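Kindly produce the complete structure, drawing on both the sequences and the hints.
Heads up: the first sequence runs through residues 12 to 502, numbered per the working numbering.
Hint data in this document are derived by calculation from the structure and do not stem from the laboratory. Misleading hints may appear alongside valid ones.
[To be verified] What follows is a list of derived Cβ distance ranges for each label pair:
id: 1; residue 1: Q346; residue 2: K404; range: 32 to 42 angstroms
id: 2; residue 1: H121; residue 2: N470; range: 52 to 62 angstroms
id: 3; residue 1: L459; residue 2: N312; range: 34 to 44 angstroms
[Said to hold, decoys possible] Here are the simulated PhoX-like cross-link-like pairs (lysine-lysine), alpha carbons at most 20 angstroms apart as the crow flies:
id: 4; residue 1: K468; residue 2: K491
id: 5; residue 1: K369; residue 2: K353
id: 6; residue 1: K353; residue 2: K404
None of these values were measured; they are calculated from a predicted model. Each residue gets a CB set at the ideal place from its N, CA and C atoms; glycine is no exception.
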Amino acid sequence: MQNTLSIYNTLTRTKETFKPLHQDHVGLYVCGPTVYGDPHLGHTRPAITFDLLFRYLKHQGYKVRYVRNITDVGHLENDADQGEDKIAKKARLEQLEPMEVVQHYTDRYHQFMDELNVQKPSIEPRASGHIIEQLQIVESILNKGYAYESNGSVYFDVEKYNSTYKYGELSGRKLEDLLSTTRELDGQSEKRNSFDFALWKKAAPEHIMRWPSKYSDGFPGWHLECSAMSAKYLGEEFDIHGGGMDLLFPHHECEIAQSTIANEKSPAKYWMHNNMITINGQKMGKSLGNFITLEELFTGNHEALEQAYSPMTIRFFILQAHYRSTLDFSNEALQAAEKGLKRLMDSYQKLDKLTASKESSHNIQEIKDKCFAALNDDLNSPILISHLFEAVKLINNLISGDAKLSETDLNEFKSFLTEMIENILGLSAPANDNTSDHNEVLNGALELLINLRRDAKANKDWATCDKIRDELKAIGIELKDTKDGVEWSIK
RNA sequence: GGUCGGUUGGCCGAGUGGCUAGGCCCUGGUCUGCAAAACCAGUUACGGCGGUUCGAAUCCGCCACCGACCUCCA
12 MQNTLSIYNT LTRTKETFKP LHQDHVGLYV CGPTVYGDPH LGHTRPAITF
62 DLLFRYLKHQ GYKVRYVRNI TDVGHLENDA DQGEDKIAKK ARLEQLEPME
112 VVQHYTDRYH QFMDELNVQK PSIEPRASGH IIEQLQIVES ILNKGYAYES
162 NGSVYFDVEK YNSTYKYGEL SGRKLEDLLS TTRELDGQSE KRNSFDFALW
212 KKAAPEHIMR WPSKYSDGFP GWHLECSAMS AKYLGEEFDI HGGGMDLLFP
262 HHECEIAQST IANEKSPAKY WMHNNMITIN GQKMGKSLGN FITLEELFTG
312 NHEALEQAYS PMTIRFFILQ AHYRSTLDFS NEALQAAEKG LKRLMDSYQK
362 LDKLTASKES SHNIQEIKDK CFAALNDDLN SPILISHLFE AVKLINNLIS
412 GDAKLSETDL NEFKSFLTEM IENILGLSAP ANDNTSDHNE VLNGALELLI
462 NLRRDAKANK DWATCDKIRD ELKAIGIELK DTKDGVEWSI K
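Dropping the structure here:
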């Protein structure tokens with residue numbers, strides 16, 4: 012009943028019921044980061060989207076092998092140093108070994124993903140560690156006659172491919188349209204057609220990252236790594252391939268073409284694409300230079316930021332939009348997410364204090380069904396979250412006595428919310444900065460002040476009362492008079 | 001130019017042919033010595049023009065605007 016997940020398949024442009032190729036097992040491949048720059052807000056979208064998918068599939072009882080690559084070779088840079096590997100360029104700029112740069116940004120990526128509570132994939136292979144596998148694919152495609160060698164480089168013959176298969180199937184492109192729109196790129200003259208893409212590229216003399224091959228000293232084409240690594244770890248045919256919409260063409264299209272020839276089958280059954288985060292209505296991206304790094308976001312150290320935003324705020328912000336919609340960044344939107352998340356988590360934490368009644372006034376199963384229905388509908392996290400806010404309302408009503416839950420229902424409600432909030436959405440409660448976490452001395456001092464204030468209050472000595480509150484606030488300690496006594500917290 | 005997608009209230013963002021997600025903001029209320037917080041309640045919307053329909057924000061057509069991809073990008 013809970014196993015009727017449907018996902019939007021880019022290949023068919025429809026929502027399809029998810030059925031794994033091998034019962035109880037799911038193979039998931041997602042295009043990971045290119046590690047030549049600090050991770051930015053844009054990187055969080057696929058990471059969190061597919062983290063949600065990973066978590067939910069596991070919740071449903073599937074054994075999931077999630078492969079997310081690290082791109083540390085290839086990807087030509089398109090500027091004055093045309094044809095030069097991005098990573099090599101950056102490395103020389105900073106006088107570092109290429110692999111040193113790669114290691115640094117890989118570590119940074121991992122650090123920030125941990126903070127965002129993104130679970131580690133099952134396997135995180137590096138392109139540079141799979142040169143042999145990539146060369147095997149090049150050879151295979153050459154042998155089958157769908158590639159040609161030209162001046163030490165090897166190109167995929169798209170026209171030949173298209174005569175038998177459909178090139179453009181995923182992105183809805185037609186070959187004749189592509190003819191007129193491809194612009195001048197390095198190596199264009201070596202190609203038979205402008206839309207052919209490189210499987211192996213001969214390295215220019217100054218190119219540092221290079222590997223020997225029978226064609227030339229060079230490096231693999233920029234789509235090949237995913238074909239090689241997905242096939243190696245998930246098989247030639249696997250369940251789900253994910254990535255950002257910006258990779259749809261040409262990256263994923265080329266991947267399909269390569270794999271189809273090399274393995275004689277289309278690699279993935281379902282293709283999922285997350286949309287972009289926009290800023291002022293425009294895609295946030297490396298090339299536009301309008302990105303905000305995660306470090307800047309978490310520290311608030313950026314001119315566009317009015318404040319710092321916690322990793323959980325970012326996570327919640329992303330989950331509040333459906334993954335296939337664009338999500339517009341703004342301080343206002345992030346602050347709204349921050350407050351909403353706080354309300355959700357505060358209320359969730361109050362659950363433990365509740366006591367059960369003899370009977371229930373609300374149907375827990377109804378809430379559960381609605382939440383699962385939302386998830387099953389192409390991972391509709393915003394709808395799921397809207398139902399969780401219904402749960403917040405219920406918790407508040409339970410506290411005020413306007414609603415009741417039996418012990419069975421209450422326990423079920425608690426474990427259900429833990430499952431949804433913590434395990435599936437991956438929202439972790441912020442460190443509880445209540446008195447319990449502070450040292451005894453501070454607790455004692457605060458207790459003393461609170462008691463003094465209480466005495467002043469009893470004497471209607473409002474001046475002393477307010478002085479204690481105001482001056483503590485100036486130091487950074489906030490007092491709140493609640494019904495159950497005085498609470499304090501460090502701001 | 002080609003392909004694809006979008007246009008929802010002050011902001012972010014869901015969605016279905018009729019029963020007006022949700023969050024934030026705002027307003028009112030409860031609580032409070034005051035305040036804050038918290039809680040409760042409430043308001044505002046579907047780019048424009050036609051069409052289909054008993055009924056459309058939801059389907060169709062045209063127009064306008066915005067964006068993505070076509071080059072590395074999550």
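Consistency of the hints with the structure:
1. For Q346 paired with K404, a C-beta distance near 22 angstroms fails the hint of 32 to 42 angstroms.
2. The hinted range of 52 to 62 angstroms is satisfied by H121 and N470, whose Cβ atoms lie roughly 57 angstroms apart.
3. Range check, L459 to N312: about 38 angstroms between beta-carbon atoms, so the 34 to 44 angstroms window is met.
4. At roughly 14 angstroms between alpha-carbon atoms, K468 and K491 fall within 20 angstroms of each other, so this suggested pair holds.
5. A distance of roughly 31 angstroms separates the Cα atoms of K369 and K353; the hinted pair therefore is violated under the 20 angstroms criterion.
6. Only pairs whose Cα atoms come within 20 angstroms are accepted, and K353 paired with K404 is accepted, the gap being roughly 14 angstroms.
The structure does not agree with the numbered hints 1 and 5 stated previously, though it agrees with the rest.
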